[in-house]
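Using the sequences and the accompanying hints, generate a full structural model.
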Amino acid sequence: MAFIEAKGLSKVYVRYNAPRTGGISRLWKRERQEIPALTDANFTIDRGELVGLIGPNGAGKSTTVKLLTGILTPTGGTCTVDGRTPWENRREHVRRLGAVFGQRTQLWWDVPIRDSFLLLRDIYGLEEKRWQRRLDGLVDALELEGFLNAPLRQLSLGQRMRAELCGSLLHEPQLLFLDEPTIGLDAVSKLKLRAFLREENERGGTTILLTTHDMEDMLALCSRVMVLGHGRLLYDGALDALLQRYDTVHTLRVTYDGGADVSALTAAAQVTRDGDAFILTYEPATLPTSTLLPMVLYAGRVREMTLKEQNVDELIARMYREMKL
Amino acid sequence: MRQLMTKWRPYLTVFRLRALQETQYRAAALGGLVTQVFFGLVYIFLYTALYAGSDPQALRDTITYVWIQQMFFRMMFSNDGELTNLIMSGGVAYMLVRPIDQHRFWVCREVGGRLVGAGMRMLPMLLVQLLLPVELRISLPDSPVALLQFVLSVGLGVLCLCELTSIIDAINMKTLDRRGISAILNLTMLTFSGNVIPLTLFPDGLQTLVRYQPFAQALDASIRMYQHAAALPEWALNVGVQIAWILILRAIGRAMWARQLNNMIVQGG
Amino acid sequence: MRYMFHSFRMLMKSAMQYRSSLLMQVIAQVVLTGGELLAVTVLLSRFHVVGHWQAMEIMFFFGVMQSSFALTELFGRGVAAFQGFVGRGEFDSLLLRPRPLLLQVVCSQLDPRRVGSCAVGVAAIVIAASRLEIAWTVGKVLLLAEVVLCSMLLTLGLFMIEATMCFFSVKSIEMVNVLTYGGRSTCQYPVDIFPKPLELLFTYLAPFALCMHWPVAWVLGQPMTALSPGWYFVTPLAGLVFFLLMTRVWYWGVRRYRSTGT
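Chains as they are written, first to last, in my numbering: chain L, 192 to 516; chain S, 1177 to 1445; chain G, 339 to 600.
Hints were generated in silico from the structure; no laboratory data involved. Where is the CB? At the ideal position from N, CA and C, for every residue including glycine. A few of these clues could be false.
[Claimed, not checked] FRET-style restraints, in silico, Cβ to Cβ:
#	chain 1	residue 1	chain 2	residue 2	range
1	G	GLY389	S	PRO1320	37 to 43 Å
2	L	VAL203	G	LEU360	30 to 36 Å
3	S	LEU1308	G	LEU575	58 to 64 Å
4	S	THR1199	G	GLY389	41 to 47 Å
5	G	VAL424	L	ASN340	25 to 31 Å
6	L	ASN340	G	ARG596	34 to 40 Å
[What the hints assert, rightly or not] Chain G is nowhere near these chain S residues, computed Cβ spacing over 12 Å in every case:
#	residue
7	GLN1233
8	ARG1236
9	THR1240
Pasting the structure below:
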């Protein structure tokens, strides 16, 4: 049986808004509004997988995460995590999972982070020795040695996120939820964080579910992605396949020594000039790179040539457009 | 026994950590000390003028009452920003992924902060008494027994206040707009706990009502014991009222927290 | 002046965007100040007199203090909440604009909730005045207006002490509350009921007595001093002097802030 299994999972929020018109009665009158946040989601996730959850804002990512953590109850469908229904026995369920909600903090602002970790030890009822060993390991891997006695408010954003991760992994959860863990971090911090997460996933065997807007995160971490839009699961599968499906246009930049006869190229692909260089835009689906290359070489003496796939962010933007998100 | 220890460990730890944290806020304690001494003196001068020599014993009692109220002022309010931060930033989600009783957790946290915070202001204020002319000083307790009854009762008072605060917190979770309602609740608490005017000076016809309402259990009940050592049946009645209110407030607070957290579970906060 | 008028109109408009929330907060203020009024009433119902002052006279003092203090908080929030202003770095942006700094600070915020407290204060004055037999003259009405205005300046000056301390990373800034909020609680009673040191403090250092108690006592027909009546139009100016003095101190703080950049 799969580790996580969701069947027909749905969630509709009900909001009561103050009416915009109606004088003094606005103070107590409320209008009921139903907002479908997740509709009929079906998926399974196996133990040890690292899955990325992507989609534009308001697509239903956090709703999905909240349902799986047991924070929310669904309005329809079923879901089990390790054989248990998250929202039915929430306390037992959350004992085995960790969560980092980006831009929010679980550690205390004014006390040394070591004290927050101490408190987490007692919240999860961890054994002193096991906790100490785990803490040492995490402090080492996340490079937190110097900061254990500093209060959270004195840490930089990167250090803070690493401390949050440490806090959410102390009790060795089977399942870890990460909500935009790299948001606002600098390049070096991002790289370190990703390396750590891969390690934790591969060696520790922790199942990780990650929501992000950062495609670099996706490329570096997830082999599998789920794309959500308007509360529906639009794609669930390998990241590569997704990229291939939408990665339809390549550009080839060529500079020639001396003159070049590009007439044949102009017929096959779209050609523009950029100073000395020619820029060929083509679709590998209709014109394979292996067919184009000989033509490029034949046209003159190639000094320099670079092949560029589409930028991932552009690609995702296009995907959202085509899926009409 | 062992199981009980494990069960209570997170709550004891949060109590201890919050108490330790409070000792770091020395500047705030100093500021509080100066403010409380000033207000204490102003009130005492006011009552001296009001009594105008008519009833020296009542004036002595009122002065003692005012000083004790000022010494334990820190007990009245939470100065804990963490829960507000958590509510405002939406970090309440973290509460829901913890395998512990959230209401108990925050109440223990409050008790820790207030006991230590009040202690840090009370001790220097006792020293300040020595600098004052005798007629402005706090009187000694009625008897050693009275002191003992007082100390025990203050402990219950803190519990009572923290349960009250948990109710206010639940309201804040719901409205997210702390200023209006909190300000009113805080003033209600100050007024009916006897900080603004000693409850003993409320109209005589209302004394029974004033004395047994919940806010009086915070400190007023304790001060009455300090000034008048109660015989066993009377003492049992007073402590019983304190405990009864703690249990009632606790039941209300727990129900409201459960409802609030449950709403978040259904509605996503 | 036009700048001030426009700023306040803008701030008022933005506050009106949240009408129901504002209404609740105004009501909250009415309850809060009403509670203090109730407390004074409870005391007076037990003791009837304070020194040589009758209950209604005390009520009159209470009303003048509360309404002038509430008006200060209403218009002077920029100064009263200056600490947060500096903390959030918003003060720096004011330094970039070509207008008098203090004026900008005052115009940056408004606290419309205080209308509630002010209303209770005015109600207390009206009730007290209707029970007391005061021989009203145009002069007395004008004097009362002057008293309120000067008390506002004095209170604003007291808030500016705190605002100045923000420039020096002083801890326990709330100690200054002793003068502002403590001043309000103390001086809602006429100072002559207090022992000499306290009376002197609030007569000459934070001159609430000069600004408020002396002239109001004369209006009530119970003069606290033997000055000739004309002087009661002069003593409130102590509030103006105090305010100007604190303005100098505050600007000195600003200069220091700009040279050290705390």
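These are the hints, each one checked on the structure:
1. G:GLY389 x S:PRO1320: 37 to 43 Å: 39 Å, holds
2. L:VAL203 x G:LEU360: 30 to 36 Å: 33 Å, holds
3. S:LEU1308 x G:LEU575: 58 to 64 Å: 36 Å, violated
4. S:THR1199 x G:GLY389: 41 to 47 Å: 43 Å, holds
5. G:VAL424 x L:ASN340: 25 to 31 Å: Given a distance of about 29 Å, which is inside 25 to 31 Å, the answer is holds.
6. L:ASN340 x G:ARG596: 34 to 40 Å: At roughly 36 Å between Cβ atoms, ARG596 (chain G) and ASN340 (chain L) fall inside 34 to 40 Å, so the hint holds.
7. GLN1233: Per Cβ check, GLN1233 (chain S) is outside 12 Å of chain G; nearest 16 Å; holds.
8. ARG1236: 16 Å, holds
9. THR1240: 18 Å, holds
Going down the numbered hints, you'll see the structure goes against just number 3.
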